[in-house]
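Novice: Quick note, the sequences are listed as chains A and B, same order. Plus 54 on top of the position in the first sequence (first one is 1) and you've got our numbering. Plus 2 on top of the position in the second sequence (first one is 1) and you've got our numbering.
FYI, nobody ran anything at the bench for these hints, they're computed from the structure.
DSSO-like mimics (lysine-lysine), calculated; alpha carbons at most 27 Å apart, straight line:
#1 K57/B - K110/A
#2 K75/B - K110/A
#3 K102/A - K57/B
#4 K110/A - K32/B
#5 K292/A - K389/A
#6 K110/A - K42/B
#7 K32/B - K42/B
#8 K406/A - K443/A
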Amino acid sequence: MAGSENVQQLTGHLFRREAGKMAAVLTRILGSDRLEVAEDIVQDTLMKAVETWRFKGVPENPSAWLYAVAKNKALDFIRSRQRHEQIHSEIAKAIHSEWSLPSSVNSLFLEPEIEDSQLRMMFAACHPSIQEESQIALTLKILCGLSVREIASAFLTNEETIQKRIARAKEKLREEKINLEIPLPQSLSSRIDAVLKVLYLLFNEGYHPSQSDQSLREDLCEEAMRLTYLLIQNPVTKQPKVLALMSLMCLQVSRFHARTNNEKFISLEQQDRSLWNKQLMDKGFAFLEQASEGDDLSEYHLEAAIAAVHMKADSFADTDWNRLLTLYDILAQLKPGPIIEMNRAIVIGYAKSYREGLVALKKIQGLERNHFYHSALGNFFAQLEENDKALKSYSDALSVATTLADKGFLQKKIDEVKLTV
Amino acid sequence: MEKFMYIFHGGSSNAPEMRSPEAMQAHMQKWFAWVEKLRKEGRYVSGEPLQPSGKMVTGKKKLVTDGPFAEGKEVVGGFFIIEAKDINEATELAKDCPDFIYDGAVQVRPVQKM
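Just chain A, with the same shape it has in the complex:
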């Protein structure tokens, strides 16, 4: 037993992380139709750790301890069933021999295989036959070790809703007999797209200031980055678009703590750039450079490149607006939609003139309930010293804003305009 001199501290989220790893490995062993058995084994294993470690402290190698318990529980399950029920997984053949069963279970608990299992689980959880919201919930539950309650509070919804989404995902896994495997080369690229979409959404949920718990949101970002990094570590899935998404995440997260102050949102223009995390920024730039090898140009490339332009500028005024406009022009073609158009219009305002920015903004439809949109209008009106219109737009923004951070930001804007009147 280790560390009898100091307070025993388990690193970061050991349990959560190991829960995700073990669930992936066990599902690979037992088959995706026995996801629930895998989850129960994980739960029992962690419970056993709590019950044992609390009296004696953490064992020397806590992960190995957990795996040993989980392995034995899996073997017990297989031995109790194998005569009656088929195991539908890649070890199906091995289970009929007491000689090969333990060794094949063992081998899947080795480090490279654990990573591989998590990758396979990602592809299964993000299978195209599963609805997106269920893909996200299942990914968080199985791969990230979050409880239903934690997922519900991260997404500001109730436990029942999340429970249903997860149940639907599990049903699909069973019905469609979705195996835990890395997709074949011909479908790999599109299957990676589906995984990246989920990781991107997961990340954004954590990144955007919402009313859910701050530390929980940071966890979502961290988990999204961890899973993206898993894709990068495997040569088969290390594709340019994956590197691009990783770059985007690093660049965004490096601004995490510069974006809010006392629950108030701080715009890019007002942020103290010295608070940006230099180390993460450099990682972001490096990933973007790697991502640029090859002809692939994904939306993540563009979004990362856009973030990089902002972050390379010493001040808001120094931003290379023309380069940004070029990037937004391409992005708007690749991924058409009002949000991109809005951001593009804002860039037009800075690259050309506020008036042209306003014209571009006013052309956009479908953002009547988006506070960023009204706030952007307010900003350009204020720049042009059309204060009545600025006040009107900021008030419109305030009326549709939902989070305290956004409301605080907008109220401040309104007060500023009033002062200049």
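Keeping the supplied structure of chain A fixed, place chain B upon it in accordance with the hints.
Specialist: Positioned in the frame of chain A, the structure of chain B alone reads:
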């Protein structure tokens, strides 16, 4: 200083909060902090977890049976040996056990001096 045994009954296993790995880890961390406090004060002597059941040997015939099969609150999860001035102090110290919120119980038994 006298020796006491804490015998821990029941506790966290069935609490719904324990469906979350994060919450489980946080709960265990409370135990570590408690043990550390006892240790720093020079009170903690040793502790061991116990498996839920084992064997019973009884009677003149030394009959061996499986057991005991305790349920839920009755299960003895483990024990500590600690040192305290007297039973009152030992009992007071036991109140820091993190398992009470989950219906756990601690038996405080003075070790009989020879």
